[in-house]
Amino acid sequence: MGSISCSAAPSRPFSMARDDRSTPHTAHFPVVWPADADPSLHWTLDDEEPAPFLSPSDGWARHGVIHAHAYWHGPVADIRRLRLNSYAYSARVIRSDTPAESAARAVRATEDLETLVDSIEARWEDNWAPRIRSALHDFEDFDPGFASDGELAEEIGQAHLPGHELWEVHFELVFGCGYIRRQFDTYCAEVFGADTDLGTATLTAGDHNMSVASGERLLSLVEFVHDRTALETLVLKETWRDMAVRLDQVSGGPEFRTRLAAFIADFGRKLTDGLAGPTWEESPDLVLANLRALLRLGGDFGRGRREGVIADKEHRLARARKILAALPRALGEEFERLYQSASVATRLMEDHNHYIDQQSAYFHRRLLVEAARRLVRQKRLGSVTDVSFLTESELAQALVDPDVAPSMLAAARAHDASMWRQRKPPKELGGPEPSLPPHPLFGPPKAPFSPPKLEEAPGTLSGLGASRGVVVARVRIVRELAGASALVPGEILVTTVTSPSWATWYPILGGLVTETGGVLTHAAVVAREYGIPAVVAVPSATTALHDGDLVELDGQAGTVRRVQDP
Amino acid sequence: MAHEDNCREPLKPEGVPPIGPNMNSMLRPCEELPIRVLWLDEPETADPNLAGGKAAALARMTHRYPVPPAFVLPWTVFGEDGRLLVDGLDEAYGRLSADSVAVRSSAVGEDGRDASFAGQHATILHVRDREALRAAIYACWQSAHSEAALLYRARRTAEQAERPRISVLVQAMVRADAAAVGFSRAPAGYGIDLMLINATLGLGESLVSGEVTPDVIAVSRADLSIVRHEIAEKGRMSVMADEGVVERSVPRRLQHRPALDEIQVRDLARMMQALEEEWEMPVDVEACWDAHGLHLLQCRPITAV
Chain A
1 MGSISCSAAP
11 SRPFSMARDD
21 RSTPHTAHFP
31 VVWPADADPS
41 LHWTLDDEEP
51 APFLSPSDGW
61 ARHGVIHAHA
71 YWHGPVADIR
81 RLRLNSYAYS
91 ARVIRSDTPA
101 ESAARAVRAT
111 EDLETLVDSI
121 EARWEDNWAP
131 RIRSALHDFE
141 DFDPGFASDG
151 ELAEEIGQAH
161 LPGHELWEVH
171 FELVFGCGYI
181 RRQFDTYCAE
191 VFGADTDLGT
201 ATLTAGDHNM
211 SVASGERLLS
221 LVEFVHDRTA
231 LETLVLKETW
241 RDMAVRLDQV
251 SGGPEFRTRL
261 AAFIADFGRK
271 LTDGLAGPTW
281 EESPDLVLAN
291 LRALLRLGGD
301 FGRGRREGVI
311 ADKEHRLARA
321 RKILAALPRA
331 LGEEFERLYQ
341 SASVATRLME
351 DHNHYIDQQS
361 AYFHRRLLVE
371 AARRLVRQKR
381 LGSVTDVSFL
391 TESELAQALV
401 DPDVAPSMLA
411 AARAHDASMW
421 RQRKPPKELG
431 GPEPSLPPHP
441 LFGPPKAPFS
451 PPKLEEAPGT
461 LSGLGASRGV
471 VVARVRIVRE
481 LAGASALVPG
491 EILVTTVTSP
501 SWATWYPILG
511 GLVTETGGVL
521 THAAVVAREY
531 GIPAVVAVPS
541 ATTALHDGDL
551 VELDGQAGTV
561 RRVQDP
Chain B
1 MAHEDNCREP
11 LKPEGVPPIG
21 PNMNSMLRPC
31 EELPIRVLWL
41 DEPETADPNL
51 AGGKAAALAR
61 MTHRYPVPPA
71 FVLPWTVFGE
81 DGRLLVDGLD
91 EAYGRLSADS
101 VAVRSSAVGE
111 DGRDASFAGQ
121 HATILHVRDR
131 EALRAAIYAC
141 WQSAHSEAAL
151 LYRARRTAEQ
161 AERPRISVLV
171 QAMVRADAAA
181 VGFSRAPAGY
191 GIDLMLINAT
201 LGLGESLVSG
211 EVTPDVIAVS
221 RADLSIVRHE
231 IAEKGRMSVM
241 ADEGVVERSV
251 PRRLQHRPAL
261 DEIQVRDLAR
271 MMQALEEEWE
281 MPVDVEACWD
291 AHGLHLLQCR
301 PITAV
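Those sequence lines, one after another, are chains A and B. Here the working numbering is used: position 369 in the first sequence is 369, and no number is missing along the way. Here the working numbering is used: position 92 in the second sequence is 92, and no number is missing along the way.
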């Protein structure tokens, strides 16, 4: 069963058993605490893989969370990070407030968050969006290709300034939107009953956002190609390299080239495989693979399904309003107020990925990759991806000081990481998990669509039902977006996690299974927008299932069951 | 006529003075009493000996105050067994054109000063079709009739020894957003020269029955300013549902919000002030609000402050 993110989980009482579990020392994973690390804090493992020293926009998120706690009067004072045996651990430092101080903090936070309920659109227009634009502008202004080594080194050293600004906005926004959506969900449960299917997830499904916009734009590109036989034949058969030279010879070809470039310019600032790339700009092949999959899907290219989702939402909304019409108007007015706010919150929860997560990583990567390429050209670094074994200051230093040999350092660290990769790190280290005081930033644990299954039938995987519907189809395991081109229309995509980069693939999916996530994460939101049955938080789904397995996916019950091949 | 035995003339106002302006002028011989469905705004309906105390009081207020539309089946249209002796119910119900009606007994002799008097509790709410209306009228009449008969027997006064005269009021129900009970003069202990208002979300049923703790608002009698506004935690409210008037919990976000805003309080206070002036005594009113504004549901004189 998937767990809900620990920041949202209620604090558990301290127990000896738990304390024992946190005791670090095991023979295979010796722990030597660095002098600046506090062993009494509750340290949790960031990732089961050894942590890179440098990755796009790494560390900026942590800064954003700490900032947002200060901004919303939250209880977290700091988040510390620690590298132990190649693995990264994080620990939250909770404010040592008296109960009265915590209560006062929670009251101030509630006041501020309630103000946001009525002003979220204005906060976006007047504050968050301009700050994002300004920070992105800082990044855009710098063209790494034309910079001297010194300028590039300086830019790498300064990148955290717009980076931090973006991630401060990110968590101000995410915390605020999370609060609003929880308020709306709680309100709906109180008015319509605890087992209602009316709430943020169902009533904001199908709303427009940047992920939907990128899907729509791709669909119009598909239709453009589909209407032109010669162009369609070319697109279906050739890779970009072979197609590009022949585009001018087919009807609509030049315009297709322009439209494709415009699509990539608007939606292509995203990473497909971390530092390694390529980005859509670097290779349109991924977009073309997506386009081909949609062309093969044929019919209305999945448009009808999305229209069905919108009709379904309208129907639910009408039902909610009919119930409210019989109740005192104060209830209906509060519903509309929260609904309007939750709709904006849902849109922003999706769109901030496009503006912040993707673009900050894109621009940061652009700097790191340019620096790495220069070092590779000078034969001072083995490969571009080796840059992940250097720190930011080491990289900047290497650019300006030809005597530094970063390849040695990178190789040593790579070796270190590969050695520690064999050892399983403990998930927790140090002291017991601190209890968080009650605070409006943390609601009760999110209620999944369906309660988690305690007993699993043989051959059945369980997770959270994230988007309704039952589908029987074959499985396609895809771990990185770059592998999405293997998808056949109608197949169930099984992956670790989907980012908004996946959005344009949704129309061809029969179903979706992810290893992580919740009912309000990107995968679930977009699955509902396209009316695709989905189950999220199915641990080890990508290893338990195999390409071609025939499964029955139940998006309400949250189950994936192997079925006999007919 | 079935009610001939009960007819004495002139009808005495049954031991208590009439409410408000003197009604004696309206008393007339029994054979002249109309035997038909009466609208609340017809002059005859203001006769407590015909429409009963409750309906007559509303009839007299209907021209100057926002009383929900209603018609009355006076006691004269009922047979001894409670059957209707005249046509016209369906037509009146059609003309009333309300999604939902309340059916209340209105006994002759009941003047509202004596809250426990006959038929006080014979009320059927949220009646929504013709069949249900007929059944409700019958049930209401029966219940008030037997209750009143018991009471009369207990009183053993000669003039009340006969059959009770029960009229029935059919009133459009207000789908209330908020409801209030107001005293134009606050009971002793609350302070002098104050009006007192209790207010809640939804229909007034749970307020009147005391099932919810209402907001308490004290208004100065001198300038109608709000002196105190205590917001109660309103956990429950009465609402109209398919199955009738039911109690439901109030969403937490709304529990601590005032049921009435300042304008609503001011409007109610102003109305209480006008009623008190007209009646020349302190009044106790039931009121509610919907999308159209304030509605006056009931007004009684306060005899003991």
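Calculated from the structure, these hints are not laboratory results. Take these hints with a grain of salt, some might be off.
Some but not every residue of chain B turned toward chain A, in silico, with C-beta under 8 Å [what the hints assert, rightly or not]: (1) Arg64; (2) Ala172; (3) Ala176; (4) Asp177; (5) Leu201; (6) Gly202; (7) Arg236; (8) Val239; (9) Met240; (10) Gly244; (11) Pro251; (12) Leu254.
Values in this document were obtained by computation on a predicted structure and should not be read as measured data. By construction, the Cβ of each residue, glycine as well, lies at the ideal position given by its N, Cα and C atoms.
Against the structure, the hints come out as follows:
Hint status for B:Arg64: violated, given a least beta-carbon distance of 26 Å to chain A, over 8 Å. The beta carbon of B:Ala172 is not positioned within 8 Å of any beta carbon in chain A (closest approach about 16 Å), and the interface hint is therefore violated. Annotation: B:Ala176 was flagged as interfacial toward chain A, and the flag holds, the nearest CB pair being 7 Å apart, inside 8 Å. The beta carbon of B:Asp177 is positioned within 8 Å of a beta carbon in chain A (closest approach about 4 Å), and the interface hint is therefore held.
The beta carbon of B:Leu201 is positioned within 8 Å of a beta carbon in chain A (closest approach about 5 Å), and the interface hint is therefore held. The beta carbon of B:Gly202 is positioned within 8 Å of a beta carbon in chain A (closest approach about 5 Å), and the interface hint is therefore held. Against a cut-off of 8 Å between C-beta atoms, the interface hint on B:Arg236 is violated, since the closest Cβ of chain A lies about 12 Å away. At its closest, the beta carbon of B:Val239 sits 5 Å from a beta carbon of chain A; the interface hint therefore holds under the 8 Å criterion.
About 6 Å separates the beta-carbon of B:Met240 from the nearest beta-carbon of chain A, less than 8 Å, and the hint is met. For B:Gly244, the suggested interface contact is broken, since its CB lies about 12 Å from the closest CB of chain A, more than 8 Å. Here the hint on B:Pro251 is kept, as its CB sits about 4 Å from the closest CB of chain A, short of 8 Å. Because the closest C-beta pair between B:Leu254 and chain A is about 6 Å apart, less than 8 Å, the hint holds.
Checked against the numbered hints above, the structure breaks hints 1, 2, 7, 10 and satisfies the rest.
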